[in-house]
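There are 2 protein chains.
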Amino acid sequence: MSESIGFIGLGNMGQPMAINVLKAGYNMKVYNRDQRKAESITEAGARSGARPAEVVERGGIVITMLSNDEALKAVTLGHDGLLNYLGPGGVHISMSTVSPNLAREMHELHEKEGCSYVAAPVFGRPEAAESQQLWIVEAGNTAAKERIRPILEAIGQGIFDFGEDPAHANIVKISGNFLIAAAMESMGEVFALAEKSGIDRTQIFEMLTQTIFSSPIYKNYGKKIAEKNFQPVGFPMRLALKDVNLVLDSSEQVQSPMPFASQLHDRLLSGIAKGRGESDWAELTRGIADDAGIE
Amino acid sequence: MSESIGFIGLGNMGQPMAINVLKAGYNMKVYNRDQRKAESITEAGARSGARPAEVVERGGIVITMLSNDEALKAVTLGHDGLLNYLGPGGVHISMSTVSPNLAREMHELHEKEGCSYVAAPVFGRPEAAESQQLWIVEAGNTAAKERIRPILEAIGQGIFDFGEDPAHANIVKISGNFLIAAAMESMGEVFALAEKSGIDRTQIFEMLTQTIFSSPIYKNYGKKIAEKNFQPVGFPMRLALKDVNLVLDSSEQVQSPMPFASQLHDRLLSGIAKGRGESDWAELTRGIADDAGIE
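Line by line, the protein sequences are chains A and B. Residue numbers for the first sequence, in this note's numbering: 1 to 295. Residue numbers for the second sequence, in this note's numbering: 1 to 295.
Worth flagging that the hints you see were computed from the coordinates, not collected in a lab. Note that the coordinates shown come from a computational prediction; the quantities given were computed from them, not determined experimentally. Just to be clear, a hint being listed does not mean it is correct.
Said to hold, decoys possible - Straight-line distance between alpha carbons at most 16 Å, and here's what the computed EDC-like set of lysine to aspartate or glutamate pairs gives:
{"no.": "1", "chain 1": "A", "residue 1": "K196", "chain 2": "B", "residue 2": "D165"}
{"no.": "2", "chain 1": "B", "residue 1": "K196", "chain 2": "A", "residue 2": "D249"}
{"no.": "3", "chain 1": "A", "residue 1": "K23", "chain 2": "A", "residue 2": "E54"}
Please model the entire structure based on the sequences and the hints provided.
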C-alpha cells in the first residue's frame with residue numbers, strides 16, 4: 001500500500017472519496033483549484049500540490065473528480081496538465097461525470113503517451129461517498145483496471161465493469177442520472193395530482209415506496225419531493241442540466257430519440273431560469289408545483 | 001367464514017382473486033359475461049349465476065373486478081344490476097381500475113340504497129394475483145372496510161387505507177400505473193441509447209436494478225424491456241391507455257399539468273395504432289425502438 005496516489009478535485013464528492021483512499025493506507029498528494037478546500041485532507045495526512053502536475057508521479061496513478069468537461073481538460077492537458085507528467089505505465093482514473101466524447105478523446109491522448117485512461121464515474125450523493133457506499137461504473141484498459149481495483153474498492157461498495165471503451169462508462173453514468181431525474185419528474189407529477197385531489201402526498205409516497213417502488217432512488221428522492229424538503233443540496237440543478245445535455249448529445253449522436261430527456265431538459269432549464277441552479281436537483285419538481293399553481 | 005360472497009368479473013385478474021377468496025373458506029356465487037370463464041371456479045366449488053343480480057344477497061358482500069367504467073356500470077346499475085339487490089348493510093367491494101369520477105358517483109348511489117361502496121383497486125399482475133401477492137389500496141366507509149378486511153387479506157399481501165372517499169383509492173391506483181408506464185418509457189429510452197452506443201442492454205439493466213433501481217417494477221419490467229421479451233401478456237396496452245387517460249382526466253379536473261403523462265398517452269396511442277393494443281403494455285417501449293430505427 002506504499003503506492004502514491006494523486007487526487008485532483010476536492011469538491012462535495014471528491015473530498016470524502018479522497019479521504020477514503022487515504023484511510024485505505026495510500027500516500028496521497030492532492031490538488032484543488034481553490035486550495036482552501038485541500039486543508040482538511042492535508043490535516044488528515046495528504047500533501048498538497050500547487051499545480052496538477054505536482055501531484056502526479058511518472059507511471060503512477062492519478063484520480064480526477066471534477067464537475068465538467070472543461071475542468072477535466074484544464075487539469076489534464078497543456079504544459080502543467082497531468083498528462084504531461086504521467087508517462088508510460090501511468091493510470092488516470094477519471095471519476096467525473098463528463099461527456100462520452102471527451103472520454104474517447106482522453107483515451108486516445110493517454111494511449112499516445114503510453115498511459116491509460118480509465119473512466120470510473122460513480123452513483124451516490126456526498127453522504128454515500130463519505131460512508132464508502134458509492135456504486136462505481138468502470139471502463140478502460142484491462143490491466144489498468146486490475147491495478148486500480150483496490151483503490152476503487154476503498155471508494156465504493158460495488159464496481160460494475162463495462163469493457164474497454166471508457167466512453168461506455170460515461171454513457172451508463174449519464175443514463176443513470178437521466179433515469180433518476182425521470183423518476184423525480186414522475187413522482188412530482190403524481191404528488192402534485194394527489195395534493196390537488198385532497199390526498200396526502202406523504203401517504204401516497206409511503207405506499208408506493210413500501211411496495212412496487214421500493215428502491216433507494218424512489219425512497220430517498222421521493223421523501224424529499226413528498227415533503228418538499230430539498231435540504232441539504234447534494235447535487236445542484238445546474239449540474240443535472242449538464243448531465244441531461246450530455247444524454248441528449250449522445251442520443252443525437254447515435255440517433256436515438258429520448259422524449260422524456262427532452263422534456264427534462266426544459267424542466268431543468270426553467271428551474272435554473274427561476275434562480276434554482278444551485279438548489280438540489282430534486283427541486284426540479286417545484287416546476288411541476290409552479291405549473292399547477294401550488295406552492 | 002360462512003358468509004356468502006358474490007364475485008363478478010372473472011378475467012385474468014378476477015379469476016385467481018376469486019379462487020383465493022374461495023380457498024379462504026367463503027361460499028361464493030360468481031358471474032361473468034362470458035359464462036365459460038366461470039367453469040374452472042365452479043369446478044372448485046363456487047356456484048354460478050346467469051345475471052349479476054343472482055350472485056348478490058341482501059345485506060351481503062359483492063366483489064367486482066372489471067376492465068373499465070362501462071363494465072362496472074353494466075353490472076351495477078339498472079334492473080338486473082347488483083345495486084338493485086344489495087340493499088341496506090350490503091357492501092360492494094369495487095376492485096376494478098375505474099375513474100375517480102365513477103367511484104364518487106357509485107359511492108352516492110350506494111349510499112342512497114343504504115349500502116357501501118368500497119374502492120379497493122390492486123397492484124400486481126395475474127401471477128401476483130395467483131400467489132396472493134397483490135397490493136390493495138382501499139377507501140370507503142370505515143365500518144364496511146372493517147367488515148371486508150379478512151376478505152381483502154385473502155386476496156393481497158398488504159392493504160393501504162386512503163380514507164373515506166372511494167375516489168382517492170382510484171386516484172392512487174391510476175397514479176401508480178402512470179408511474180409504472182413512466183418507468184418503462186424511461187428504461188426504454190436508456191436501453192435504446194445503450195444499444196445504439198454499442199453497450200449491452202442487459203448489462204446496463206442489471207447494473208441499475210442491482211443498485212439504485214432495485215425495486216420490483218424496474219426489475220420485472222426492466223428485464224422484459226432489456227430482453228425485448230414481452231410474453232406473457234399480463235396487462236394489455238389498450239387498458240394501459242385507458243388508465244393514462246384516467247390520469248389525464250383527473251389532472252385536467254384539478255388543474256395539475258402532467259407532461260410525462262401527456263407524452264405516455266401519445267406513446268400508447270401510437271402502439272395501439274400499430275396493432276399492439278392486445279400486447280403487454282411493456283411493448284410501449286417498442287415505439288422507442290421504432291423511433292430509433294432499430295428492432
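Now for the hints, and whether the structure bears them out:
1. A:K196 / B:D165: 14 Å, holds
2. B:K196 / A:D249: With a Cα-Cα distance of about 13 Å, the restraint between K196 of chain B and D249 of chain A holds, given a limit of 16 Å.
3. A:K23 / A:E54: 22 Å, violated
Consistency with the previously given hints fails for number 3 only.
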